[in-house]
Amino acid sequence: MAGPKTSTAATSKSSPAASPSAVQSLWQAYTDTTPSRLKLIDAFLVFLMLSGVMQFVYCILVTNFPFNAFLAGFGSCVGQFVLTASLRMQVNPENKVEFKEVSPERAFADFALGSIVLHFFVFNFLG
Amino acid sequence: MTAAYSLPQDISPSFITNTASLLRIVALALISAAAIASRLFAVINFESIIHEFDPWFNYRATRVLASNGFYEFWNWFDPTAWYPLGRVVGGTIYPGLMATSGIIYNALHALNLPVDIRNVCVLLAPGFSALTAFSTYLLTKEMKSPSAGLLAAAFIGIVPGYISRSVAGSYDNEAIAIFILMFTFYAWIKALKLGSGFWGAVAALFYGYMVAAWGGYAFITNMIPLHAFVLILMGRYSSRLYVAYSSWYAIGTLASMQVPFVGFQPVRTSEHMAALGIFGLLQLLSFASLIRSHVSSSHFQTILFVSVLALTAVGVGGMGVLTWKGWIAPWTGRFYSLWDTGYAKKYIPIIASVSEHQPTAWPSFFMDLHFLIFLFPAGVILLFRGTPTTTVLPSGQITTETKIRDEHVFVIVYAVMASYFAGVMVRLMLTLTPVVCVCAAVGVSELLDVYLDPSEPEVGGEGKDGEESDAASTGSGGVTATSGAPSATATATGVASPSLGKKSAKKEKAAAAAAAANSSTGIVALDSLVSTLHPPTRTKPGIWGLDTRLTILLNTTALLLFFVLHCTYVTSSAYSSPSVVLASQNPDGSQHIIDDFREAYYWLRMNTGEGDVVMSWWDYGYQIAGMADRPTLVDNNTWNNTHIATVGKAMSSPEEIAYPILRKHDVSYVLIIFGGLIGYSGDDINKFLWMVRIAQGVWPDEIQEPNYFTPQGEYKVDAGASKAMRESLMYKMSYYRFHELFGGGQVMDRVRGQQLPSVGPTLDVLGTFPSFSPPLTLLTFGCVDEAFTSENWIVRIYEVKKEDLLGRDLKSASGFAEGKKRKRSKPVSRRRAVVA
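Protein sequences, first through last, are from chains A and B.
For the first sequence, the UniProt record's numbering assigns the number 1 to the initial residue and increments by one for each residue that follows.
For the second sequence, the UniProt record's numbering assigns the number 1 to the initial residue and increments by one for each residue that follows.
Rather than coming from a laboratory, the hints here were simulated on the basis of the structure.
C-beta atoms are modelled at their ideal positions from N, C-alpha and C, and glycine is treated no differently.
Certain hints may be false.
[Unchecked claim] Selected chain A positions facing chain B (Cβ under 10 angstroms, derived; list incomplete):
id, residue
1, A29
2, T34
3, S36
4, F47
5, F65
6, N68
7, V78
8, E94
9, K100
10, E101
11, V102
12, R106
13, D110
14, V117
15, V122
Please model the complete structure; the sequences and the hints are all you need to start from.
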């Protein structure tokens, strides 16, 4: 479960070493072109990522003793992250061609349903 | 544009649509009925009982669930299995099957239909086979067209490769697993196609159900990532793939960990690492594509590409290190033996000893799949080309494209993997069968599409628009219903009738085209639609005449009919026999039932104490627990190899060694299966070498396989049998008093086809010619007594003697009881016994 998160973070870190200006232009482009709704979603994504990283660091540094609790907590972060990222992709106006049959409202309903199912399993697994 | 035969023109599009859907519903209902009916041979010919070995445990567990409720079942500790150890059942089974039948049982009772739980269990598999047919229909519909879907549903409804594991009475995990497998795949395809999180969640829920139902869930766990990986390599990464895969993996993994038997395996074992790896890779790719959408510099893209590549390498390397360091468990033996096919035989004889784990021979492919196996590769090749997709543009134009789509890649990957696995292991024919049905249905429906389509090319007419994705012109040239054609139409309809699917699909296509074109000349749209798929040649040879069409169609129809005959024949003759009762034919054709198993099990149930432990080879553990209701030492859930080896050692050792083992394990009865009298080949003497091998794996010093062969290396039970063989407990128990049946004549073992020495030379010879087996008249026991032998001598039950009251060793005690002559012949052993 650690793979996706840490490596995504590492991608953004590895680029400044290559060209600082590219990151600046990336940030510029991002703030300019992204709609505010997507920015909101991105803020949530960052929060989820930080929460997941904290849990992982705790697991590594202190203990993984109730392993099911760790997996449930970390899994809920990762799962919620990817579900939110999916929502972001589906509602992004640029992706309209890809998701012909998924309207933004439908995407949100899917997101809500997926999150409910996910958290049902998370709470069941917390033990 | 001319037509080979004319079609009626004055039918409204809505009528066509309605008729098509009605026909589809009727066809699916008939397919379900056929699927259920063809699985009932065993119930009708014999009775409604559970077959085989494993289903007996499932049945027993389901009874606990039905009578004690779900929580009792979940926490069920079974003290009677694996006798001294017991078994935590809740944590060592896949509870999906029992839960399903428990739900059905309770639902039926809530409806005031008080059905016995046994009948629910017996008829569960036929019921679910109808659902399998339906989900195969759905999946194939996504691949090609509803008509192909109906063909696939019809195929999988009656194909023997699937019936073999799902006849009525075969209450095994596979009964529901194949339905769940197909529906999970359908939901996955749907999620991928639409990019819908909802279908991703559905796929995850069904995946969770699959994990709860069958150990073969690892197939899904690796198929979906493999599909995603192949798509990525083909450059077909899309946001839809991300949405589908991520929602499936995130929810599905958590769902799978709820099953106690699976537990933390999804993060700890190598079988599940492919799914995790692809999950990570998809995160990287999506992040990279997000960045790429914001920055256009090619320089930056290269950096991204390199970093993605490097991070992937780091991920893969990390997993390798984790596996190597032991934090991630390596492949388990059962899975590993699929790759290294010699592994099981060398290191884990208990896996190799199961007959289902042998490689598949060619004839069984034909027997299980008939002509589908020939159409299977053709279907795969057609899928490489892709099937036509008709899309209606907003402008009202109809576009048809023929190219490989994401879901086709899935079926191709599935076909390749499943073919390999089915070649390695007989049992995995089961996972191959659905994909064979899908591919063959694509092949057959493609054939029928071409040869049923009435359009004939005009000479040199439409040769120009051979390119794909040409818009079908609407209303150009009409097909007039000529008055002279009714007979041709009738013939064509007659040919088309064997499969309802083709007709309905044709009509549906026509309807879609007609509705889109807003004109009544739907047939024309269909014509031009099909002609774009098959670019017409300039000349007019080939298939376009009615005669050639009829030849091909009749041939295909005949093949389909033979398929039905073959399936029915194989199902009735090969796969519909409950192994609990053996049937044979009397000379006058009537049926003779051999019911020794139940006779013996019920003897045990009625005539022994509640807590009397029965020792048998592990094959019969579940049946003894289910039918005789007695504790067993080992059973079919072979989780403790050493315990099984203990039983193997007791069976293959002389009495002096076996008796302490029996006593230490509180064994009261020993049950063996002996087929020498009526020629039942699956008996314990034929399984004996596996007992020896498994025991040898644990005690290589005491049990050696070569000792059980003659010096020439033959496995014999007759006068030439080796010393270890004829002194083993199994040999003695099998042939004890066997000669009495022959009244002094030749004693024949009808399974081995060997003649046993009935009245051989007596005692002295035993010492002089050690290669001579003792005559059967002299087979006596020190430690066990014959307690029961069934009518045809198939099941023999021996009671273990208690220790001698005078403290003698049991052999000398029994020698004393039998008479002086015996005793005097073995003075040494007696003296030793007294000293001891």
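Okay, the hints, checked on the actual structure:
Satisfaction of the interface hint for A/A29 is found here, the shortest Cβ-Cβ separation to chain B being roughly 4 angstroms, below the 10 angstroms cut-off. Contact between A/T34 and chain B, as hinted, is supported at the beta carbon level, the nearest pair being about 8 angstroms apart and thus within 10 angstroms. Among the interface hints, the one on A/S36 is violated; its C-beta lies about 16 angstroms from the nearest C-beta in chain B, farther than the 10 angstroms criterion. Annotation: interface hint on A/F47 violated; nearest CB of chain B at approximately 17 angstroms, more than 10 angstroms.
For A/F65, the interface hint is violated, the least distance from its beta-carbon to any beta-carbon of chain B being 13 angstroms, above 10 angstroms. Nearest Cβ of chain B to the Cβ of A/N68: about 8 angstroms, under the 10 angstroms cut. The hint holds. For A/V78, the suggested interface contact is upheld, since its CB lies about 6 angstroms from the closest CB of chain B, less than 10 angstroms. Annotation: A/E94 was flagged as interfacial toward chain B, and the flag holds, the nearest CB pair being 7 angstroms apart, inside 10 angstroms.
For the restraint placing A/K100 at the interface with chain B, the shortest Cβ-Cβ distance is roughly 8 angstroms, inside the 10 angstroms limit, so the hint holds. Annotation: interface hint on A/E101 holds; nearest CB of chain B at approximately 5 angstroms, less than 10 angstroms. Interface hint at A/V102: satisfied, since its Cβ lies 6 angstroms from the closest Cβ of chain B, which is below the 10 angstroms cut-off. Checking A/R106 against chain B: minimum C-beta separation of about 8 angstroms stays under 10 angstroms; hint holds.
Taken as an interface hint, A/D110 checks out: its beta carbon lies about 4 angstroms from the nearest beta carbon of chain B, inside 10 angstroms. Hint status for A/V117 relative to chain B: holds, with the closest Cβ pair at about 5 angstroms, below 10 angstroms. Given the 10 angstroms rule on beta carbons, the hint for A/V122 holds: about 6 angstroms separates it from the nearest Cβ of chain B.
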